[in-house]
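**Q** With the hints as constraints, model all of the structure from the sequences given.
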Amino acid sequence: MKSAKLLNVFVLGVLRATFAAGCQKQPKNITTISGRQGGPGGLDMNPAIPGGGNNPVGKGETEERPLGDLPDAKIGDHNRAALAAQTVYFDFDRSAIRPSEQGKLDAVATYLKNTPNVQLLVEGHCDERGTEEYNRSLGERRAISAREYLLQKHGLSSERVTTASFGEDRPASLERTEEGYARNRRAEFVVIQ
Amino acid sequence: MNKSFLTIVWALVFSIHSLAQTSDPNVRIEVSGGVRVIPISLSGYKEDAASVLRFDLEVAGFEITDAEKAQYTLTGKNDGGQIEGRLQDRLSKAHLLAKAYTGENVRLQAHALADDVVLAITKVPGIARTKVVFKHEKSQGNSEIYISDYDGHNAKPVTTDNSIVAAPSFFPKKWHLFYTSYRSGFPWIYSHNLTDGERRPFAKFAGLNSGGVVSPDGTRVAMILSKAGSPDVWVANIDGTNLRQLTKTREDESSPCWSPDGTKICFASRVNERRSLLIIPAAGGQAVRLNTGGEPNPSEPDWAPDGKTIVFTSQPRAGFNICTVPAQGGPVQLLVAGEDPSWAPNSRTVIFTKRSGNKRTLSLLDVPTKRVKDTAQISGSRSQPSWAK
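Keeping their order, the protein sequence lines are chains A and B. Using the working numbering, read the first sequence as starting at 1 and increasing by one per residue. Using the working numbering, read the second sequence as starting at 1 and increasing by one per residue.
In short, the hints are calculated from the structure, not lab data. Accuracy of the hints is not assured; some may be wrong.
[To be verified] With the C-beta cut set under 10 Å, the calculated list includes, among others, these residues of chain A facing chain B:
{"no.": "1", "residue": "Ser34"}
{"no.": "2", "residue": "Asn46"}
{"no.": "3", "residue": "Asp91"}
{"no.": "4", "residue": "Ser95"}
{"no.": "5", "residue": "Pro99"}
{"no.": "6", "residue": "Ser100"}
{"no.": "7", "residue": "Asn114"}
{"no.": "8", "residue": "Gly130"}
{"no.": "9", "residue": "Gly167"}
No residue lacks a Cβ here, since even glycine has one placed at the ideal position from N, Cα and C.
**A** See the structure below:
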């Protein structure tokens, strides 16, 4: 039919014009890429592990100019059993010591007064319902709350008690239930001898 | 019959005319709620070259389509240890690129081609050859720092301490990391030179040392220390001198990040019982709340390299969401479910963590188009990503 034929010619004309314009050969320029391009340290440079595990230059740990005052005496034998029963629990997203938990802290203070040669490490923990660094700070806030209670209510010396937050990295329970989460929101007491 | 024939002709003419108007490579077709992907066709590539090109272009906001629907065509081949590519604007016929790449390996050649395609069309350098650092958890409570290509491939360990790690970040423009490690038994911030493996504790105070981030000009470090009684934002010079406490609240601050001009620090805290993002002058002064509108419990902010936008995690009743807000304040956008975002050097792509049951994986978000691509991951959990800038 005449109209169909016209349409065909039209479409073919458009197609032909498209192809004619697009088929020029361009000169190729060849780039040799290397692992050193594309950013600091390059692309396939192996990251050097301290101690020269994979690295012929083999530098390792140094203590050059760290900021900090942590006495080495704190890094001793950890006794978790002694005060395991006194683990203190917290409300969601809170670091305040619940009145019902204070008795455990009193028991921790009594133990320390009766065992003069040990230090105490208070570990702060969270359930997983928070982002990781937020939880690291919240866990520290919980450990600090317990520590402050021991220092202020029981007069323990500040050098005897240190804190360490593990955020959500060391859960007591892997259950994704309210009960499981509640068991993770805690401060644990570790005796360092 | 003649009437319908004319209708067809007019429709054809009209649509060709409209297509011709959008052949300008810089035109983004704005649709309500987002930016449309740019259609591009690929032909002649096989196996790894094809999959790398496809992934890189999709992350960059392109859609791989058939030639008839494409705004651009990329044709070429990969063989004989070489990749070739010819990029053409399909409608204007302009030739934008004709290059070949040799050296290293196929993946890297394909990444290099993808970067050149992205640059030719968007005028912004591509990110296909950038690196990210992250926390890799092998088993519960056992994690190491790893570096990989931005797409998750080529992952390599940075630590082998059999301990717990957290919050890694790159020293700007250097092959050097700052991160938190518990290898001593306590959370300390370490400075680790990746060129020669030299590592030293940067901050080892009693209590918490975490979130160490080097300023964009490399002269200072912001971090969270609890040495003064609660987790606060502190700043020191990169050589450890001039240690100053910036926040003095009883609340728990976390996740400091620098403005690209190095004059301000954004961080998470609590104001009047409400979890908030705050911005404080790096030289000290008053912290000002950054309003995150209806997105509750904001944390883990990251400031885009172009200074304009802060991406962060919000935490509603269940789950986490990636959101953005203008750094000067303004409307907040909820983008996708996820947490702990980090900007790419292009101020457009974000890497973030997704949780699924016990497992954490890393994904890439193209903020304007909201497209998400999952990175490659074989085993374990990956989280806390940070992009080399």
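**Q** Hint by hint, note whether the structure agrees.
**A** Outcome of the hint check:
A distance limit of 10 Å between C-beta atoms decides the matter here; for A/Ser34 the minimum to chain B is near 6 Å, and the interface restraint holds. The beta carbon of A/Asn46 comes within 6 Å of a beta carbon in chain B, closer than 10 Å, and the hint placing it at the interface holds. Evaluation of the A/Asp91 hint against chain B yields a violated restraint, the C-beta minimum of about 13 Å exceeding 10 Å. Among the interface hints, the one on A/Ser95 holds; its C-beta lies about 7 Å from the nearest C-beta in chain B, closer than the 10 Å criterion.
At its closest, the beta carbon of A/Pro99 sits 20 Å from a beta carbon of chain B; the interface hint therefore is violated under the 10 Å criterion. Of the supplied interface hints, the one on A/Ser100 is violated, with its beta-carbon coming no nearer than about 22 Å to a beta-carbon of chain B, more than 10 Å. Taking 10 Å as the C-beta cut-off, the interface hint given for A/Asn114 is violated, the closest approach to chain B being about 24 Å. A cut of 10 Å between beta carbons decides the hint on A/Gly130: the least distance to chain B is about 7 Å, and the hint holds.
Using the Cβ-Cβ criterion of 10 Å, the hint placing A/Gly167 at the interface with chain B is satisfied: the shortest such distance is roughly 7 Å.
The structure fails to meet hints 3, 5, 6, 7 from the earlier list, while all remaining hints are met.
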